[in-house]
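Q: The primary structure of each chain is shown beneath.
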Amino acid sequence: MLNQLDPLLHSELRLAVMSVLIALEEADFVYLQEKTGASSGNLSIQLDKLQSAGYIDVEKTYKGKKPRTVCRITQKGVEAFRAYVEALKGYLDV
Amino acid sequence: MEKNLNEKESLELITRMIDNTRKGMEKNAALPMLIFGYTSIVTTLAVWFAVIKTENHIFHLLWIAIPVIGWLLYGLLGRARTRRDGMSQSHMGSLIGRIWIFLAGVMMLCMVPAFVLREFPASFIMTLLAAIGVSCTGLLVRYAPLIICGILGVLTSFVLLWVTDIASMVVLAAAFAIMMVLPGHILHHAANKKSEKNA
Numbered sequence: 001m002l003n004q005l006d007p008l009l010h011s012e013l014r015l016a017v018m019s020v021l022i023a024l025e026e027a028d029f030v031y032l033q034e035k036t037g038a039s040s041g042n043l044s045i046q047l048d049k050l051q052s053a054g055y056i057d058v059e060k061t062y063k064g065k066k067p068r069t070v071c072r073i074t075q076k077g078v079e080a081f082r083a084y085v086e087a088l089k090g091y092l093d094v
Numbered sequence: 001m002e003k004n005l006n007e008k009e010s011l012e013l014i015t016r017m018i019d020n021t022r023k024g025m026e027k028n029a030a031l032p033m034l035i036f037g038y039t040s041i042v043t044t045l046a047v048w049f050a051v052i053k054t055e056n057h058i059f060h061l062l063w064i065a066i067p068v069i070g071w072l073l074y075g076l077l078g079r080a081r082t083r084r085d086g087m088s089q090s091h092m093g094s095l096i097g098r099i100w101i102f103l104a105g106v107m108m109l110c111m112v113p114a115f116v117l118r119e120f121p122a123s124f125i126m127t128l129l130a131a132i133g134v135s136c137t138g139l140l141v142r143y144a145p146l147i148i149c150g151i152l153g154v155l156t157s158f159v160l161l162w163v164t165d166i167a168s169m170v171v172l173a174a175a176f177a178i179m180m181v182l183p184g185h186i187l188h189h190a191a192n193k194k195s196e197k198n199a
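Listed in order, the protein sequences are those of chains A and B.
Using the working numbering, the first residue of the first sequence is number 1, and each one after it goes up by one.
Using the working numbering, the first residue of the second sequence is number 1, and each one after it goes up by one.
Simulated from the structure, these hints should not be mistaken for laboratory data.
The C-beta atom is built at its ideal place from N, Cα and C for all residues, glycine as well.
It cannot be assumed that every hint is accurate.
[As the list claims (entries may be wrong)] Straight-line C-alpha distance at most 27 angstroms; calculated DSS-like pairs for lysine-lysine: (1) A/76 <-> B/194; (2) B/23 <-> A/63; (3) B/3 <-> A/89; (4) B/8 <-> A/89.
[Unchecked claim] Some chain B residues well away from chain A (every beta-carbon gap over 12 angstroms; in silico): (5) 22; (6) 24; (7) 54; (8) 87; (9) 108; (10) 111; (11) 115; (12) 122; (13) 136; (14) 151; (15) 164; (16) 186.
Just need the whole structure built from these sequences, with the hints factored in.
A: Rendered as structure tokens:
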């Protein structure tokens with residue numbers, strides 16, 4: 001029987017964010033926006049959803065006078081991402 | 001707005017995003033090699049020229065320009081890049097960064113006995129340390145040009161055990177060109193080529 005795909009990850013922008021963060025230790029909001037091509041508002045909403053699910057940690061700091069949002073994938077996020085990729089492979093018979 | 005994907009699109013998106021992130025990391029890795037490579041060459045040739053012209057060894061103090069100018073340029077260019085592209089840090093990048101900070105610390109430490117003991121083979125030790133750093137970086141990121149240039153740097157460093165007079169500065173400049181500038185340009189060119197291919 002095929003595993004159900006995690007609905008939180010089965011969305012274009014959230015999956016793009018998780019794919020970037022899985023390859024990195026941390027990334028800031030500007031970097032994620034540049035890599036995903038998303039608008040600030042949409043990216044903020046999706047980051048909130050991932051944070052609420054415990055998939056990412058979001059740290060709001062300041063660099064000089066400028067606010068900076070740094071995101072990191074959590075262990076729960078890594079496991080969810082791994083399970084999602086495994087489920088995908090099952091669907092595609094890879 | 002949320003867009004749901006089918007399974008095939010999801011897998012393609014994951015592959016594309018991870019690939020793009022790696023490409024960015026390759027481009028970032030070239031910058032410190034080029035900055036510190038060129039700064040080291042210019043400083044080495046400046047010391048060589050000044051000592052040859054004046055025969056005053058006080059000009060060896062110019063060595064301090066490598067970490068000072070190198071970090072200054074790296075900070076300025078890095079800041080401009082961060083402002084434009086945002087900031088990211090990979091696990092591998094921070095590991096490599098810690099290795100280089102350690103090696104730079106040992107190199108700075110080597111400068112102390114170099115000023116006190118005339119026979120201290122500072123050029124050999126510093127070149128060897130830098131070459132080990134380049135090779136380790138290459139081994140960690142599994143990038144052949146870095147490994148090869150690092151090994152060539154190790155071999156060049158041994159020449160400095162025999163060439164110990166002021167001519168050693170020219171060997172030192174050549175070593176920096178081989179182990180830092182050359183792989184830096186190869187890395188930068190490869191990252192640019194990949195970006196063009198995907199554009």
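Q: Against each hint, give a clear statement of whether it holds in the structure.
A: Hints, one by one, checked against the model:
Only pairs whose Cα atoms come within 27 angstroms are accepted, and residue 76 of chain A paired with residue 194 of chain B is rejected, the gap being roughly 33 angstroms. Among the hinted pairs, residue 23 of chain B with residue 63 of chain A is consistent with the structure: their alpha-carbon atoms are about 26 angstroms apart, no more than 27 angstroms. Straight-line distance between C-alpha atoms of residue 3 of chain B and residue 89 of chain A comes to about 21 angstroms, which keeps the hinted pair within the 27 angstroms bound. For the given pair, residue 8 of chain B sits about 9 angstroms from residue 89 of chain A by alpha-carbon distance, which is consistent with the 27 angstroms threshold.
With a minimum CB-CB distance of about 7 angstroms to chain A, residue 22 of chain B fails to clear the 12 angstroms threshold, and the non-interface call is violated. For residue 24 of chain B, the requirement that its beta carbon stay farther than 12 angstroms from each beta carbon of chain A is not met, with the minimum near 8 angstroms. With a least CB separation of 43 angstroms from chain A, residue 54 of chain B remains clear of the 12 angstroms interface cut-off, as annotated. Listed as outside the interface, residue 87 of chain B is inconsistent with that label: its C-beta sits roughly 5 angstroms from the nearest C-beta of chain A, within the 12 angstroms cut-off.
The beta carbon of residue 108 of chain B is kept farther than 12 angstroms from every beta carbon of chain A, the shortest such distance being approximately 27 angstroms. Under the 12 angstroms C-beta cut-off, the non-interface status given to residue 111 of chain B relative to chain A holds; the minimum distance is some 32 angstroms. In this structure residue 115 of chain B is separated from chain A by more than 12 angstroms, as the shortest Cβ-Cβ distance comes to about 37 angstroms. With a minimum CB-CB distance of about 35 angstroms to chain A, residue 122 of chain B clears the 12 angstroms threshold, and the non-interface call stands.
No beta-carbon of chain A comes within 12 angstroms of the beta-carbon of residue 136 of chain B; the shortest separation is about 19 angstroms. For residue 151 of chain B, the requirement that its beta carbon stay farther than 12 angstroms from each beta carbon of chain A is met, with the minimum near 28 angstroms. No Cβ of chain A comes within 12 angstroms of the Cβ of residue 164 of chain B; the nearest lies about 43 angstroms off, and the non-interface call holds. Under the 12 angstroms C-beta cut-off, the non-interface status given to residue 186 of chain B relative to chain A holds; the minimum distance is some 22 angstroms.
The structure does not agree with the numbered hints 1, 5, 6 and 8 stated previously, though it agrees with the rest.
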